[in-house]
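Participant: Sequence:
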Amino acid sequence: MAMKIYLTVYIPLLMIICCYKSNVVGADPDPLQDFCVADQQSKVLVNGYACKDPTTVSVEDFSFAGLRKAGDTNNPVQSKVTRAFVQEFGGLNTLGMAIARIDYAVSGLNPPHFHPRASEILL
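Reading the sequence shown from the start, the letters are residues -27 to -1, 1 to 96 in mature numbering (1 follows the signal peptide of the UniProt record, and there is no 0).
Hints were generated in silico from the structure; no laboratory data involved. Do not rely on the hints blindly, as some may be mistaken.
Ranges of calculated distance between the beta carbons of each label pair, as one might list FRET restraints [what the hints assert, rightly or not]:
#1 S36 <-> P(-16): 58 to 64 angstroms
#2 Y(-18) <-> P85: 42 to 48 angstroms
#3 Q51 <-> K16: 23 to 29 angstroms
#4 P89 <-> R41: 46 to 52 angstroms
Bear in mind the structure is a predicted one, so any value in this text is a computation, not a measurement. C-beta: ideal position from N, C-alpha, C; glycine also.
Could you build the full structure based on these sequences and the hints that come with them?
Facilitator: Dropping the structure here:
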């Protein structure tokens, strides 16, 4: 009899309490500043690169011309990825995004790979 009460009362009650008290965060917190251009020379690395002094930030920090040129697809997979990550494009720092250009030759392919804590959209 005690086992029947346990199964019919306590387990469903425990499940309801667990579901009620679970906290879910579906997004990253809001950024603390409007922009944070990566300071590549800084030795401080806390959750990415440290920010450049805002008085030294220029238009070039928000522009990247590296994606204009087609990549060399003369390789075994017949494709070339040109990256525009924070290391190449300092204006992306703290935005949680990266940009890449993929050039394919005829019969080229995108080799299997993964992105920890990230997604990928190909257009």
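Participant: So, for every hint listed, does it hold in this structure?
Facilitator: Hint-by-hint comparison with the structure:
no. : hint                               : result
1   : S36 <-> P(-16): 58 to 64 angstroms : holds (59 angstroms)
2   : Y(-18) <-> P85: 42 to 48 angstroms : holds (47 angstroms)
3   : Q51 <-> K16: 23 to 29 angstroms    : violated (40 angstroms)
4   : P89 <-> R41: 46 to 52 angstroms    : violated (29 angstroms)
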